[in-house]
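Participant: Chains as they are written, first to last, in this note's numbering: chain A, -4 to 217; chain B, 3 to 646.
For the record, the hints were derived by calculation from the structure and aren't laboratory data. Nothing here was measured: the structure is a model prediction, and the numbers come from that model. One or more of the hints may lead you astray.
What the hints assert, rightly or not - Ranges of calculated distance between the beta carbons of each label pair, as one might list FRET restraints:
1. Lys206/A <-> Ala424/B: 55 to 61 Å
2. Phe190/A <-> Lys620/B: 34 to 40 Å
3. Pro94/B <-> Leu202/A: 29 to 35 Å
4. Glu623/B <-> Ala103/A: 24 to 30 Å
5. Asp87/A <-> Leu559/B: 54 to 60 Å
6. Leu83/B <-> Leu202/A: 54 to 60 Å
7. Arg83/A <-> Pro550/B: 33 to 39 Å
8. Leu559/B <-> Lys49/A: 50 to 56 Å
9. Arg42/A <-> Gly292/B: 56 to 62 Å
10. Asp87/A <-> Pro550/B: 40 to 46 Å
11. Ala280/B <-> Glu191/A: 57 to 63 Å
Just so it is clear, CB atoms sit at the ideal spot from N, CA and C, and this is done for glycine as well.
Here's the letter readout for the chains.
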Amino acid sequence: MATPIKRRELFSSFAGIGASPASPQACTGASLIPNVALRTHEGKEVRFYEDLVKGRQVIINMMYAHCEEFCPAITSRLVEVHQQLASRMGRDLFMYSITLKPQEDDPAALKSFARMHGALLPGWTFLTGDAFDIETLRFALFRHDHIKFDLDPASHTAKLRIINDAINRWTHVAPMASMMTVLQHISWADPPKSFEQQLEDNRKLQLAIDKEHALYGYRKIV
Amino acid sequence: MSRTEDTTHEPVDGQQPPQEPGAQDGLDRRTVLKTGALIGAAAVLTSKKSLVLAQGAPPPLAQPVLCGTTAPVSPPTRPFLDNLPVPLPALPQILSPLPTKAANTGAGEAARDPHQRWEQFLPLVMYRMNAAPSLHQHHTDLLPSFMWTFNGTYPAPTPLNFYGVPTIVRFVNNLPTTPPNTTFGVNEITVHLHNGHTGSESDGFAGDFFPTNFFKDNHYANAYAGIDDFGGIGDPREAMHTFWFHDHRAAFTANNNYLGLNGMYIVYDSKDPGHELATPGSLRLPGYYGVTDLPLILTDKRFCAAANGRNEVFQVVGNGAPGGDKWVVNGKIQPKLTVRRRKYRFRILNTGPAKTWNLSLIRPDGTQAPITIVAVDANFLQSPATLTNRTLDVFVAMRFDVVIDFSAFPAGTSVYLKENVAQNVGVATADPAPGLPIGNVLMRFDVVNREPWFPADTPALPAVLTTFPDPIVPDASFQWNFTLVGGRFLINGLEFDANRVDHVVLKGSAEEWTLANDVAAGNWLHPVHIHFEEGRILSRRVRTSQNPDVFQDVPLLPEELGRRDVYPLPPQHRVVLRMRFRDFVGRYLIHCHNMNHEDAFMMVRWDIVDSVEELTRKRREIDERRMLAGLPPQYGPAKQGGLV
């Protein structure tokens, strides 16, 4: 038996000429990011959205402990990124490495992987969980909306997902890009700057461009 | 505070005001009063002009409420209710503050290199394109949608220009800053004139985006390539006519374009003068903008169900642009256009983000009518090419200028522009022509007799439209390998990095470039776009299935024989082209123009430099960097991609 339809709902669903199935909803945090239960490398149970992402700026990658192709290089890259952003890590910036092979990677395996790579660092959590939940998460965070990519778990080890849930800004970066680029892409999800700060940044960038023109006759690095 | 004044909306353009934080939602009388008071207070602090404008300003647009993460089926739309709109010609205006050679950062201009060839091509005409939220109604049966547009209209107004008359287009960013983000776009823009022969600082380099409340002046010399060689305004054989401008923000190009940040830009010259009169050198093509010469700007969109007085365009924060289920021409779904029994020119432009269009013209009896291509990617073909039994394939970012002679059809009949893939109409409608389901109809042309006041038909198309520039003699050959490894789009083994240059060429030189798509057969075709100058395809080859080292020639289609800037590259193909690098220096791009692919970093930066010393040093640095990354050198002896 269907629940009784309220008059108001009846009105709204016929407001458009043949309403499509989707009803309006905010396209923000909880509606985008699954709140699946995961276990950290310390064995603690966490809810992915509520406990780890909500209101925060986060860097997420997918890996697995026995991956020999990209994962070790990317993990050591993340260690370097962590060094660069150490003052923010664990405060307003967090890193999450989620295993693609939860059957193999229990918390202990992830912890030993992290230790081996010098990645037991503040604000950096390795995560495992139910295989279905992980797949849901992978799809929500990394999908390209293209079947050739989305059904191939391997395609998601080579991208860092950057989310600032507080401002609903998502971006991404190729982890092996230059450090300058990786840091720039992370900053694309930084909290909004004041207009005064943007003016100041713009002025500094112009000074740097002008300086390079004076030194080399062209724009070399900035 | 001239900056504040400059970025203030001006009623002339009919655009929407910037979003004030906290003032975006349900407006009651109190909020209106409060907002008015705030704006008023700000205006008092700035200038008298702002005060006047602010008092008449409409309230800020309510931010969109989207419809979740699952792609909806768009609401039904009845066909042929709306007339085909034509983007208005952009109005030139005197900019304040006036444009300057060096960035006017004090007035809020984004940092950039000084304009090249500024004194030689001082801007005589200035435009202002204000990126801001606005509402656009895609169909009579749909409510308006929240979009990001230039000057409040989608598509943007069209600047109509002339070779020899340099312009400045001031792109002003007034996109909302209100967190949380309620659209999937990013409020930072960098605008590329596709395919302008411009200095790098005006080329909309993907990494040179600027935030809300800033502006950037793009300097378009409107000169032909070959300024140094030919003097004056360059080599007239390099003429290009149908350009378009669009946001090129790294990683967000698809999203910002889906939201509406693009428009057409036309440059006339004596051969293609923007009228149909018999003037010296004129080809006398159909040429009155908006009357007999019309843009057809194509995109696909998907719409949420009606809510809050809107049908928002479907989008999911964090994802690239979705595929649409409604085909949109000049901002309208399945429009109609009344045409007189004479020749018309249509400038067909695919603004993407990702869809390819396979078009044909269908008579009421279901048979295919001819379409004559006169120009591809803004360049005249040597001779017109008429399609009678195959489709016009328009890949993202390509322009096809076509001529259709409607005198071939009796008055009172309708002919249809067909797209091979059907859209979702949602209203049961009889097939307009045998074998033509309504979903496949992009738009309808209603043929009527020409009234006495309507311009008479133009003469028959000339057999020869243009003379190509002298054949290019390359100084070197270079190969670009496009691959897909572990879900990453790689070009010569690397993903895009705005801060890293991957090939360097000398200003004034020429190279033969091979675009090689080594991705397995059955995968994507990549429409590869090369900024800066037009090239010509020398050959197209495909790997034979029997022997991976053997390639066989693919005959070039008539429309591939011209000059172009988008090179369709199917899997296993090799396209060889030659290009020159003249007149300007700086950072330029090659990328797949499937915007979702370029946002996944299928893009590469290449630089033009003006000294051999710098060329050598930069090339050495590139190879050193590649060796550190475990990649073969591009300029050394062993190569996969690179100099050949």
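Participant: Taking the CB of leucine 559/B and the CB of lysine 49/A, does the distance hold inside 50 to 56 Å?
Facilitator: 54 Å, holds
Participant: Given the range 34 to 40 Å, decide if the beta-carbon distance of phenylalanine 190/A to lysine 620/B lies inside it.
Facilitator: 36 Å, holds
Participant: Could you check the hint for me, namely that proline 94/B and leucine 202/A are 29 to 35 Å apart, CB to CB?
Facilitator: At 33 Å between Cβs, range holds.
Participant: Is the hinted range of 54 to 60 Å satisfied by the C-beta distance from leucine 83/B to leucine 202/A?
Facilitator: 55 Å, holds
Participant: Could you check the hint for me, namely that aspartate 87/A and leucine 559/B are 54 to 60 Å apart, CB to CB?
Facilitator: Hint holds: Cβ distance 55 Å, inside 54 to 60 Å.
Participant: Aspartate 87/A and proline 550/B, beta-carbon distance inside 40 to 46 Å?
Facilitator: 51 Å, violated
Participant: May I ask you to test the hint 56 to 62 Å on the CB atoms belonging to arginine 42/A and glycine 292/B?
Facilitator: 57 Å, holds
Participant: Is the gap between the beta carbons of arginine 83/A and proline 550/B within 33 to 39 Å?
Facilitator: 49 Å, violated
Participant: Does the Cβ-Cβ separation between lysine 206/A and alanine 424/B fall within 55 to 61 Å?
Facilitator: 57 Å, holds
Participant: Does the beta carbon distance between glutamate 623/B and alanine 103/A stay inside 24 to 30 Å, or does it fall outside?
Facilitator: 44 Å, violated
Participant: In this structure, is the beta-carbon distance linking alanine 280/B and glutamate 191/A contained in 57 to 63 Å?
Facilitator: 59 Å, holds
Checked against the numbered hints given earlier, this structure breaks hints 4, 7 and 10; the rest are met.
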